[in-house]
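Enquirer: Sequence order for the protein chains is A, B, C, D, E, F, G and H. Here my numbering is used: the first residue of the first sequence is 228, the next is one more, and so on. Here my numbering is used: the first residue of the second sequence is 228, the next is one more, and so on. Here my numbering is used: the first residue of the third sequence is 72, the next is one more, and so on. Here my numbering is used: the first residue of the fourth sequence is 72, the next is one more, and so on. Here my numbering is used: the first residue of the fifth sequence is 1356, the next is one more, and so on. Here my numbering is used: the first residue of the sixth sequence is 1356, the next is one more, and so on. Here my numbering is used: the first residue of the seventh sequence is 11, the next is one more, and so on. Here my numbering is used: the first residue of the eighth sequence is 11, the next is one more, and so on.
There may be inaccurate statements among the hints.
Straight-line distance between alpha carbons at most 25 Å, and here's what the computed SDA-like set of lysine to any residue pairs gives [stated by the list, open to error]:
1) Lys77(D) to Gly1507(E)
2) Lys99(G) to Gly440(C)
3) Lys137(H) to Arg1576(F)
4) Lys1579(E) to Lys99(G)
5) Lys1559(F) to Gly1507(E)
6) Lys428(D) to Asn340(C)
7) Lys258(D) to Met11(H)
8) Lys162(H) to Gln50(H)
9) Lys1407(E) to Arg303(D)
10) Lys174(H) to Ile116(H)
Quick caveat, the hints were computed from the structure, so don't treat them as lab data.
Letter by letter, the chains look like this.
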Amino acid sequence: MAKGFVAVTVERCKGCGFCVEFCPTHVLALSSAFNSKGYHPPYVVAGDKCSGCDLCGMYCPDFAIFGARYAR
Amino acid sequence: MAKGFVAVTVERCKGCGFCVEFCPTHVLALSSAFNSKGYHPPYVVAGDKCSGCDLCGMYCPDFAIFGARYAR
Amino acid sequence: MHADPKGVLTGVHFLDGDHACCEGALAAGARFSAGYPITPSTEVVERFAARIPTVGGIFIQMEDELAASIAIQGAVWGGAKAFTVTSGPGFSLMMEHIGYAAMTETPCVFVNVQRGGPSTGLPTLPAQADMMQARWGSHGDYGVIALTPNSPQECFDLTIQAFNLSEEFRVPVMMMLDECVGHMTEKVVIPEAGRIEITPRRFTRRPVDQFHVFEPDEQLVPEMAKAGDGYRFHITGLTHDERGYPSMNVEVQDRLLRRLQDKLKPLANGRAIAETEDLDDAEIVVVSYGITSRVAQRAIQLARQQGVRVGKFRIIQAWPFPEQRIREIAGRIEAFVVPEVNLGQMVYEVERAAAGKARTIPVPHAGGGVHNPQTILDAITTAGEERR
Amino acid sequence: MHADPKGVLTGVHFLDGDHACCEGALAAGARFSAGYPITPSTEVVERFAARIPTVGGIFIQMEDELAASIAIQGAVWGGAKAFTVTSGPGFSLMMEHIGYAAMTETPCVFVNVQRGGPSTGLPTLPAQADMMQARWGSHGDYGVIALTPNSPQECFDLTIQAFNLSEEFRVPVMMMLDECVGHMTEKVVIPEAGRIEITPRRFTRRPVDQFHVFEPDEQLVPEMAKAGDGYRFHITGLTHDERGYPSMNVEVQDRLLRRLQDKLKPLANGRAIAETEDLDDAEIVVVSYGITSRVAQRAIQLARQQGVRVGKFRIIQAWPFPEQRIREIAGRIEAFVVPEVNLGQMVYEVERAAAGKARTIPVPHAGGGVHNPQTILDAITTAGEERR
Amino acid sequence: MSEMECVMEIPAEAYNPVEPFLRMDRMPHIWCPGCGIGTTVNCFVRALLSSKANLDNVAIVSGIGCTGRVAGYARLDSFHTTHGRAIPFATGLKLANPKLQVVVYSGDGDLFAIGGNHLIHAARRNMDLKVVCVNNMIYAMTGGQSAPTTPGAAVTSTAPYGVFEPSFNLVALAEAAGASYVARWTTYHVTQLARSMGEVLAKKGFCFIEVLSPCPTLYQRRNKMGDGLETMKYYKQASKIRNGAPTGECGLSKSGEIVVGKFVDRDRPDYLELMRAQMTETLGARFAEPEVAECSL
Amino acid sequence: MSEMECVMEIPAEAYNPVEPFLRMDRMPHIWCPGCGIGTTVNCFVRALLSSKANLDNVAIVSGIGCTGRVAGYARLDSFHTTHGRAIPFATGLKLANPKLQVVVYSGDGDLFAIGGNHLIHAARRNMDLKVVCVNNMIYAMTGGQSAPTTPGAAVTSTAPYGVFEPSFNLVALAEAAGASYVARWTTYHVTQLARSMGEVLAKKGFCFIEVLSPCPTLYQRRNKMGDGLETMKYYKQASKIRNGAPTGECGLSKSGEIVVGKFVDRDRPDYLELMRAQMTETLGARFAEPEVAECSL
Amino acid sequence: MQSLTEIRIAGFGGQGVILSAAIIGRAAALFQGGYATMTQSFGPEARGGSSSAQVILSNEPILYPYVTQPDVLVVLSQEAYTRFTPELKRGGILITEQDLVRVDRIPPGERVFGVPATRLAEELGRKVVLNVVMVGFFGAVTKLLDAEALRKAVADSVPPALQKLNLEAFDKGYEYGICLINRLAENGSLEISPAILEAES
Amino acid sequence: MQSLTEIRIAGFGGQGVILSAAIIGRAAALFQGGYATMTQSFGPEARGGSSSAQVILSNEPILYPYVTQPDVLVVLSQEAYTRFTPELKRGGILITEQDLVRVDRIPPGERVFGVPATRLAEELGRKVVLNVVMVGFFGAVTKLLDAEALRKAVADSVPPALQKLNLEAFDKGYEYGICLINRLAENGSLEISPAILEAES
Ligand SMILES: Cc1ncc(C[n+]2csc(CCOP(=O)(O)OP(=O)(O)O)c2C)c(N)n1
Ligand SMILES: Cc1ncc(C[n+]2csc(CCOP(=O)(O)OP(=O)(O)O)c2C)c(N)n1
Ligand code: SF4
Ligand code: SF4
Ligand code: SF4
Ligand code: SF4
Ligand code: SF4
Ligand code: SF4
Ligand SMILES: [Mg+2]
Ligand SMILES: [Mg+2]
């Protein structure tokens, strides 16, 4: 089971793809669907691989995603 | 006899002493007399030693003196 | 003299005011521009940067507006016709050098595309709130010329006139656009070079020993020389005599400053550039300029339809202010209505010139847009009713 | 509130206007000054540099006037009372930041010791030709306060008042000295700290979540906060709403700019600071300010001796202009005589306010000196004869 | 689409760690898709977090530009000043209220074109300011004109035939002017950048961090260099980390190698320390500690 | 006293070689006794003489200051501009009329305080200007305030308790900004200075010469360093000629060693050469040589 | 008597919204002897993001330069649709990039025309010409300007090298518009039913 | 009725001309209940070279601040002498640093007093106090102000460390002035004959 989770604020996303590209464990992919501004936000393709490292959060220029470890 | 000569425009002199100090052959000295502005201009004490090198002219901040070689 | 065809983009175009202004400068013979980007004026120099390398001239983007506004003056003394372009904040930074141009009688053009102020304000939205600054923004007494186009076509036409006036009077000339006119795109007709009148620089023909760089002619304007022609002249922002030498003499100061002021008198009086309509029967006259003159025109049409006897006085040359004509009109009307996209600037001059002979009704707009024609119409009609 | 004794050099002194101005700033509580040297104003900061290290504060000489005029504003938002000092050319360079201070409602004082202009002009000689610039020199619409002392004693007194007004209205205040007053040495009496009234900064006491940095009070002036107090406020030169957030909304622009203008209304009307004499029976009133008011006083004495019914209106607060009072006086006199050491600046305001009810006679002087009292006397007497 | 759609369960109390540092009531921000400025803000926030600084004592000062908007989004005492003048404003702020940690956050044009003089003089004085320069090699806010950082041959709206002016080497200039700390990273180097930002928050004196950042809208796209993501990949591939490299050898070009790292980290007394030393030496006990901020109370 | 008293016979045709280069109708000049500015002018004139330049094509541009008055005394096309702006004015002059040899002659405060930004940007562009900076370590014209060149502990009218700000190393800054030629001399080194001035008149690109010069009235005297002559003796004794020395090691202090010499002499294409190259590459035959100066005819 | 037609075109940066408005204005002002005034809306200074341009067409000189109540609204993004449809004049024409805009409610009395401009442009191999496709479609469905004037304006507005491509783009959009009109005419009305919208998006 | 006394002191930079004027003004304004306005003349911005200061003394507030026709002219350099004597008021007093100024012509109806201020200062070991010597001499020969007021002003105008020296300088100049007056009184007139001048210079 995943050590961490990632959360996306879809409406804030501008579809730049940074998070997808630089997630070390390839948890994310850009969805083909549009958000209301017409951008393709990311969605989770391999949630179990998420370490909660929050690199996606550090890269996201639109503060639209973040990751964290589950408190255990 | 001197290779060169030196000429002083007394009224332009402000008595800084540069020419006297830096004449390589010590041709000049400051006179005790005042010019009309109250400065002590230089006068020639050893004219025969003048090489006409014009260093005095290059140093003089008031364009009040110059030296030159005699055209021979 | 006619324009040099090299710079004239003859034809019918669909241009915005900024681009038209650039074409006007090229047609006028400007071959040097130093600029610093600022919204909403940058398009002028962007176009110049694209056009000038094939026309034969220089565009340089300087490190700031201080540099741009003095670099053009170096270029002028090198022989160029030159201009710079900016907006509010940059215009404020150019004030010292506008004074230098006035003091050294350096012919040059400053284009200011006015945006919402003060300070950074509303960078992309229109205003007309730098009008008094154009006259008074630099320290000390001096005179300038300021023109206020109301369409892209006029941005072209008046920019040529700005250069011509700067050469005739040897003063810095301000092209006072507003963001609306600068960013509005309309048809612009550029005639053939042969049909464009250009005022050449009045270079002296005197022998070197008979030339004094600030010796005025009968129009009170000195002949000019450029660096490299052997005149070995001196230019300074200090108070100077006819030779251009610094002087601390009160008479020299008096003679110089009065001449700098008096040489512009012809423009303050007879020659003031303006556009008028229906003044003969007018009881109310709307005084406006720039984009506001178009909105006002709409209001005037509506008022006339309602039978109000309203006339139009469109300021084209804001400085020197057309004092004489306003005063003369004031004598035969009830009131001036003065809409501007500011909280009241040129209206002060109207009020002063009217000297109480006619009422003066400001119609201010704080900027970020233009008046609603209805607002101006209301001012006209109430002015009509309040008639004494 | 009373002055902090630390800064008050109580006693009787023989000081020039520049030094007296510095003592005024110290007495007013100024503990920060950023400057850039320029004749004839440098003595103000030279004295501050010598005094402040033992009083407890900062003087920093910046790299230019742009830096000096914004550094003081950083200091103000850090909690300081701060000022800068300059003359003509430097004043022109400060224009952008005078606009920033007006837009951000940053209380601060700009001292301009006026010298002969335009441009470098006559650096060591007097003039009064930056008066209109003080009002209109920055782009966009804004309001300022400007004071014009006529003696070293007033340089001290009015500088304190300048700081007090800047805190009360949150506007940049201009101390408009002229070289003559700045370099003139006379007796200056500095009272005890306990007898000097100081307007403290109105820091908000609201809880963080209830504070909006630009929410006006009934006087239209917002309460202030300083960095480090936990309010986490935002300041911008962009058009902004009550929270200080940028806005491109035309209503926000209108609300903000009108407030910036309206908050000064009390000074334009009732509270305008001026000094008058013999207005009751006057047919002619001499309007003057700064050093010229002293020269004019001499002329008025002589005229009175000749039986001319002349009164005096000394402008102390040049901006906001005492429009109401001039208009009201205009109704009962023949003419205003307006001597200034410039080619005509405040006289335009007098003429406008007079609205034709009284003639306005300018007595210009191009600068580099002051009027000869006789010149003013002549203007008074001829005005008297020309009486309609 | 729902606000927080996700296939994995997200703890109710979870929140994006940057949010407390931002004025969320101003979101969304004005920055374009793929703009790097927001990424630098993430790093700055992480640095603040790890610094444990009392945020009430951290002030941020910006000039004008896309980067200049950072001050407006940071939930700190924040100042959006005039173009090029963030540093002198910050100087006054710091000297009046020395307890403040003053961060200057602005663009390459703002800090090195119109603001160049202030930067070199603040560095000379070793003023205690922490300067973050987001270098997108262009004047973005005004629509893509040349900056003194735009590399040769790049096309801009004021250099339609290609830039020919040599560009500044920002890190070399900052060092020559006297900066105590000089580093360069790109928006790809988020962890290193956050660490550098943390270091300068802990250091006294004039510190300078250059961050290369994509401006897809006005620089990369016009120069056929793709979008933000492609630029990030370029940063990743072209960057060489060389801590301590001589700044003179760290010039940048349009598509060449990018030397990144911490280049300078030296200890010099800062402006206020120098002032106290000199004043106590000459005035002794007569010297009074500045109490500037209190004076207006 | 007679105008030309002398014990030795002076040829009738003899004249002071500087006079033809000066506006003699403006003599005497305003400079104080023992001021070094006039000495630098002698060197400049000797350099012009030996360069055989057509003086009609030499223009001199100054800012404001005691040194700024040089333009007014030189019998050349001469421009006394505004404080700090000599370089941008000269930039416009040069670009509009490239045949001109444009010399910028101004003071340390003018060029490095208010004018610092223009200097580094002109150096970056390698604008073909020859800059002579007379460094008297003070703002003289305005009465002796601190300059960014005033050495630590010196007393000035704005630093009555001694300067504590670190000062600029002008030659290092000029090099870092990109100058093609960088040298430093003092008014004692008249022959070397004249030679350096001659070299820059023969070189293309941005050249910078710093000349240390006494200001007895407002710097030396206030600092108990004697008059002009004593300062000249100090220059003589404290100077070490180290051509090619790393500029970073050439900082100055109040009374320490003075490293002088030619430090940098490199060949880089100047602004106009760079422009032509780029324009012809992108525009080919469509590029038109600037004919700026002719346009107003 | 002056007749005024107000047009707004809106989308996001990079879609060439400004150029399409310029072409329409140029056609009217230069090639059809009328008057046209074009203005643009700028965001904070000049960001990417959204973009909108306005054109006023008239038979007389235009005084007031801004569009208040567009007769024709062309939207190329959902954002633009949401933001601007409310101000469309009653009985006005709404034109959409139908792949990018979902028309959720048919405003009463308005006529709506959708075109897959981006897709059509892509068929020509250059997505960027979607704006010119849109101009062609606009010409066909509004009939405000002669096709010829518009074609001239297109040619006049783009670099020679790109003229052919852009004219093709124009024609493609124009033809698509004509077909649509005819189809609608056949099914008896110019009102499009939501059904059709669905079908097309 | 207002009585005005105009005083000009002129010499070259470094002679302390300004301070001497300040002392006189301070004495009148602070220690003798009168009014005084002092102004200075500046060269181009602030060079070395020549220096001049003016003081106006009055029993009422002073309005016009500049000296036009000095009642008393004090010159410490030949240049100052040549430049300013022409404006001296008829019947005014001319005071010279007699080693530095050669009085070539006696202006009609003027009284001339010479003092070797520099030499006297050097006797005190500090040439710089020549200006205070001059103030003392001025006090003695003009009698415009009480010696006590002047002494107070001297003390008030210099740093504590230098008070003693400067007061000595003042006294020296003052005494020299008194003696001279007496001597002149003896030889029957306050007009000095060129002869005496020669003798003294
Ligand atoms: C005095 C002044 N001049 C010019 C401008 C216009 N202006 C605003 S931002 C900017 C440059 C921005 O470039 P940069 O600092 O690199 O910031 P970026 O937008 O690239 O992040 C300019 C020239 C201004 N606002 N004020
Ligand atoms: C805008 C402006 N600010 C300030 C001044 C005042 N000012 C004149 S010269 C000068 C500095 C001169 O110093 P420097 O350049 O070193 O020349 P120096 O007199 O020492 O030769 C200053 C500050 C001015 N003339 N203009
Ligand atoms: S938190 Fe780390 S692992 Fe999880 S999605 Fe983000 S980057 Fe990938
Ligand atoms: S980084 Fe942020 S904006 Fe970019 S795609 Fe991921 S969530 Fe969207
Ligand atoms: S010319 Fe040379 S030798 Fe002759 S006096 Fe001058 S310096 Fe001495
Ligand atoms: S150098 Fe010139 S000014 Fe100095 S003493 Fe010699 S002649 Fe006189
Ligand atoms: S224009 Fe460039 S820098 Fe500005 S927000 Fe867009 S991408 Fe970022
Ligand atoms: S003040 Fe200094 S620099 Fe100026 S002239 Fe005098 S000595 Fe030279
Ligand atoms: Mg940038
Ligand atoms: Mg200097």
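Enquirer: Take the C-alpha atoms of Lys1579(E) and Lys99(G), compute the straight-line distance between them, and say whether it is at most 25 Å.
Expert: Given that 25 Å is the threshold and the Cα spacing comes to 41 Å, the pair is violated.
Enquirer: Need the status of pair Lys1559(F), Gly1507(E): alpha-carbon distance at most 25 Å?
Expert: Distance ~21 Å between Lys1559(F) and Gly1507(E) Cα, so the pair holds.
Enquirer: Do the alpha carbons of Lys428(D) and Asn340(C) lie within 25 Å of each other, as the hint requires?
Expert: The given pair, whose Cα atoms are some 24 Å apart, holds under the 25 Å limit.
Enquirer: Lys174(H) and Ile116(H): Cα distance at most 25 Å?
Expert: Cα-Cα ~37 Å, so violated.
Enquirer: Assess, step by step, whether the Cα of Lys162(H) is no farther than 25 Å from the Cα of Gln50(H), and give holds or violated.
Expert: 22 Å, holds
Enquirer: With a cut-off of 25 Å on the C-alpha distance, tell me whether Lys258(D) and Met11(H) pass.
Expert: 21 Å, holds
Enquirer: Measure nothing beyond the straight line between the CA atoms of Lys1407(E) and Arg303(D); if it is 25 Å or shorter, mark the hint as holding.
Expert: Since the Cα atoms of Lys1407(E) and Arg303(D) sit roughly 17 Å apart, the hinted pair holds (cutoff 25 Å).
Enquirer: Are the Cα positions of Lys137(H) and Arg1576(F) separated by 25 Å at most?
Expert: 15 Å, holds
Enquirer: With the threshold set at 25 Å, check whether the alpha-carbon distance from Lys99(G) to Gly440(C) stays at or below it.
Expert: 21 Å, holds
Enquirer: Quickly compare the C-alpha distance for Lys77(D) and Gly1507(E) to 25 Å and report which way the hint goes.
Expert: 58 Å, violated
Hint compliance for this structure: hints 1, 4 and 10 are not met, and every other hint is.
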